[in-house]
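Hey, can you work out the whole structure from these sequences and the hints?
Number of protein chains: 4
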Amino acid sequence: MRAARLHNYNEQLRIDEVDIPRPKGEEVTVRVGAAGVCHSDIHFMSGQWKDTLPVKLPLTVGHETAGYVEEVGESVRGLAKGDVVAVFGGWGCGVCQACKGGDEQLCISPNWPGLSQCDGGYAEYLHVPTYRFLVRANGMDPEYLAPLTDAGLTPYRAIKKVRHLLNPNSFTLVFGVGGLGSYAIQYLKLTSSTRVVSVVRSKDKARLAKDMGSDYVINSSEEDLLSSIREITENQGIDVVLDIVSSRETLAAGISSLGKGGTVVLVGLMGDSFNLPVMSSVINEHHVLGSLWGNYNELSEVISLARARRLKTPISRFRLDEVGKALSSLEQGTIVGRAVLVP
Amino acid sequence: MRAARLHNYNEQLRIDEVDIPRPKGEEVTVRVGAAGVCHSDIHFMSGQWKDTLPVKLPLTVGHETAGYVEEVGESVRGLAKGDVVAVFGGWGCGVCQACKGGDEQLCISPNWPGLSQCDGGYAEYLHVPTYRFLVRANGMDPEYLAPLTDAGLTPYRAIKKVRHLLNPNSFTLVFGVGGLGSYAIQYLKLTSSTRVVSVVRSKDKARLAKDMGSDYVINSSEEDLLSSIREITENQGIDVVLDIVSSRETLAAGISSLGKGGTVVLVGLMGDSFNLPVMSSVINEHHVLGSLWGNYNELSEVISLARARRLKTPISRFRLDEVGKALSSLEQGTIVGRAVLVP
Amino acid sequence: MRAARLHNYNEQLRIDEVDIPRPKGEEVTVRVGAAGVCHSDIHFMSGQWKDTLPVKLPLTVGHETAGYVEEVGESVRGLAKGDVVAVFGGWGCGVCQACKGGDEQLCISPNWPGLSQCDGGYAEYLHVPTYRFLVRANGMDPEYLAPLTDAGLTPYRAIKKVRHLLNPNSFTLVFGVGGLGSYAIQYLKLTSSTRVVSVVRSKDKARLAKDMGSDYVINSSEEDLLSSIREITENQGIDVVLDIVSSRETLAAGISSLGKGGTVVLVGLMGDSFNLPVMSSVINEHHVLGSLWGNYNELSEVISLARARRLKTPISRFRLDEVGKALSSLEQGTIVGRAVLVP
Amino acid sequence: MRAARLHNYNEQLRIDEVDIPRPKGEEVTVRVGAAGVCHSDIHFMSGQWKDTLPVKLPLTVGHETAGYVEEVGESVRGLAKGDVVAVFGGWGCGVCQACKGGDEQLCISPNWPGLSQCDGGYAEYLHVPTYRFLVRANGMDPEYLAPLTDAGLTPYRAIKKVRHLLNPNSFTLVFGVGGLGSYAIQYLKLTSSTRVVSVVRSKDKARLAKDMGSDYVINSSEEDLLSSIREITENQGIDVVLDIVSSRETLAAGISSLGKGGTVVLVGLMGDSFNLPVMSSVINEHHVLGSLWGNYNELSEVISLARARRLKTPISRFRLDEVGKALSSLEQGTIVGRAVLVP
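Those protein sequences? They're chains U, P, C and L, same order as listed.
Offset between the first sequence (1-based) and my numbering: plus 891.
Offset between the second sequence (1-based) and my numbering: plus 891.
Offset between the third sequence (1-based) and my numbering: plus 891.
Offset between the fourth sequence (1-based) and my numbering: plus 891.
Same chains, same names: a pair is fine if it fits in one copy or spans any two.
For lysine to any residue, the following SDA-like pairs were computed, each having C-alpha atoms within a straight-line distance of at most 20 angstroms:
| id | residue 1 | residue 2 |
| --- | --- | --- |
| 1 | 1101 | 1228 |
| 2 | 1151 | 987 |
| 3 | 1080 | 1056 |
| 4 | 1094 | 1221 |
| 5 | 1080 | 1200 |
| 6 | 1151 | 1164 |
| 7 | 941 | 1171 |
By construction, these hints were calculated from the structure, which means they are not laboratory data.
Rendered as structure tokens:
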């Protein structure tokens, strides 16, 4: 089968011919229907994360996968050849405190496909170590499922973390209305009655934010962000900031925008670090919460929303051999919706 | 009556003769039995907070007060002359979202005694705007009660915020074993089964930390903090950091010490700001939580612990006219336990 | 002024001429714009609650009031004559643990208007003991505001209690699609992505449930309730039952309908008691939660939803002297929406 | 090997000679060091649960097991022959919502050893389907570990469920000071500062309750329970009832003892059902919570407490061929501490 593999950091992926994996025990071979292309792949391929997530190359990239069950090991239950499945990507050891607590994506020894020693989904077939990482979704299209496993899942978890703060009196600020942000706005409207304020830097993104349901849109290339927020919130300030960018600039602005008891959720990975003021954090009880990906049950909930046709998930299709083009378009910011590779 | 008042920032307090306040409606005049001397008073008197908490001088300092009901307004219920009372200091408006939610200390327009336009407890009598800010505590000694209203209350709330993280498998790191920290260690042992690791910089403080119940003590002037933590936690890392100092150094060390899912609670106010790394905050789901003082019910719980004789509360007594000495001793770090003025 | 007062249990209310109350201190006199007519009034007037909520008659009935500020005491802040206000009805002492924790409606010594020694809103004017029980809502119509203070508030709190259980995979069952139930269905759809199943006994109510946003409606006079639930949930069972009736029958059916980890919220007051099975409660971790009215902040949130025009609140108007007719129509179940008295 | 097996409901167990299980894949064979004898075994053997937990006989009984790793399948990680292990007994499917959420003991298709088709621990060896159900505990004695897996685990979870209600102002009532109750009292004191009131029916149990740390003990065969509670709580009522008996009588008394916002946790299984009053449940916001066994992380926490020598765990030893005697002693209430079979 063909697989797009990274041989050295900072190189293009190569389309290699490799063996189709054969499952045993609890393992499953999934025929890839679609593999989402993610900013994390770009970070990873650049070698930026080689200390945090060390791997031995070559490796097949891709952690956002959906497809069809091709073959199952002898201990697999509840799945048969041809079943449509979304692949939960936060593969963990199954026995550490995080895994046993239901947050496998926080495992102390993660084995994420395409980001660790396990090959990922930029290929014709994916080897999955246990059927317990698959969500059955017959009747759904893998092209729409694949982005749900990361772009769709990550903001869902971030929002669940602060759900107790979201009410008709609250304001939620969203930085970044791209792949993840589009889902974020939709979830906020579908699962709460908070008022959503989106921050964008272009007219196109402003339109997208409105289409997804944002109550207010601030184009920070045209308006002063903090004075617009003061006006919208009538000086109350923001209750929740979902920072899907997490650059030094967005984080500084986000923290400045908070009202009493306000919370910033870190989702994006653009910045290295940022500065948090002590006095105002204490006196206003500000909270800063990192949020990582999502767990299996959260993925199942996201898929239920999609199955009920309550989610808009615009995608741009590429063939597997167009992976280089997909990645460079993503880097240049010219992708509409989420890019998916369809092998 | 005599009152120790601030006439200008960066000046000594003056002992002035002023009128005894007379209560009406819900108001109460409290004869001060003891007034705690707090680092916040030093910050305040230096003018450091004049933008955050603007006031018109002169003002009687002191926000940690306990004493005896002297006179009550006509609408006061449940209190009579001579009753022992602790004064809850987080005076709020009573109608904003924070006040109505039970967290008056987070009021959007606070009127804290000794830190706002309201005179504080460094005096013979204190005017309290409503009996709803008093906790009745007959049979207890105001000298022991006064420090509970801030030094005793603040770490209690901080610990309540993270109580769900405290279990027999967890490690909690405490920076700062002075007035607040002594209470913090005791509460951790009294209200949870977490393992407590205290960080000190002297042999005296090490002994104090042990006496208060700390399971492990690290003297960071003699040992490398992070390698000691790795050893104690067997590389698991810290689950909760209670930073009662919040200097740039303690915060940097605290964040570096965290394990997966770890949380830092900011309690102290020493530093201006600190640097939070994005990637590790997200990938480990680290949380940073500001925590401010405590609310009325939390104060009531702290007083119940003291009433049951389950708290050690060492104090150093000063007369009202020794206020200058008390403040300079606090600044020099030579106070044993909490300093209280006894008018 | 005229006031509809109860002189003896089990008698009709009499329209009496009484003095207009005059406010002092924090008190406010509200000119009643509308007073909601509630099943609780019927329970109360029948003497059914005379042991639980003892009162001395005569008393002006009515605990669901909105109107205009007529006169304020000298300590009132933030309100002026003519302001539109909704009256939060869970008047508490302000100093017990429940009041201090933000749940004044759970006060250990409640003083609810129209249900305790305090006169209620079936009158031209209402005496309110503190402006802290008023929610300012200029620009809104008292006729729509009044029902929000109980019929609109009660299901809102009940739903907040179980919000962590409401997700796209969950099913919520609502018994009772009258005054409170219409709000309940709307809140479930506005603040969560749960799937709502309403249980009704007539075609009219089935249509209403659909209009309010119910995903499924079961007419239990035509279908077998439990088998319909099994079919809708694909044998998964119900996650949350909101029982706005709480008769012996609805509670038995609600408990039988629960899946693993399911929760029943008791809101209604129709039944005396019901039978809870031990083994299945333990083995399935079923929860049964009583929920009472709502607190001030919850009322404020409900009013924000209404202000944003996101709530349908059908009402039926009656004059004050038609109070007897309004009450008997309510008892006979012929009211459309919520009955309000407009003095 | 020898195994004590149930051939027919309501019969004595027979000591049969059966094959030693051989593990493959993730499976582990554990040499039994000790197997706890539990009231649930008596319920189970009587056929009382044959509809709730249907099984095909004969079956080896026993769901409270600890011992030594004897042999491991080829996919087992982190365990070697001779390791001491406690067996988590809530074996689940690993893929349903409860399992994925970390509560395997709530699995929708449970496979509990000794209570389902899987053989239990009343034998020389136990077959465990995956090493993910084992907690490594080298250095500890299986005789003390075994009771922790159910008697020690069940009250721990029950208390975690209500931990937010436990504070120095609260009162917690414990019904049943036998195997589970002894742990319950200890956990309440070790993990909270609530005041513990134990209800017993004999002088011996009264002494035991005191030894375990109970602040108050009521001997309900000598005192009137409700008036004693009123006196102890100064009419405030009980905040949390842990009912480890759950008979009709204890539940009725427990509910009557509750103060505002009080909660009953159902742990025991003695009664069939009980009556819950509607009006007082609503008006006081009473909660009734079923609590089942515990999950893997909770077991790990309990074992940490024991490892730190903070738990008293009295046991009575029996040989495997004395199983009949152990069961009848348990039924007659003459066991001191927890009975364990030592093969």
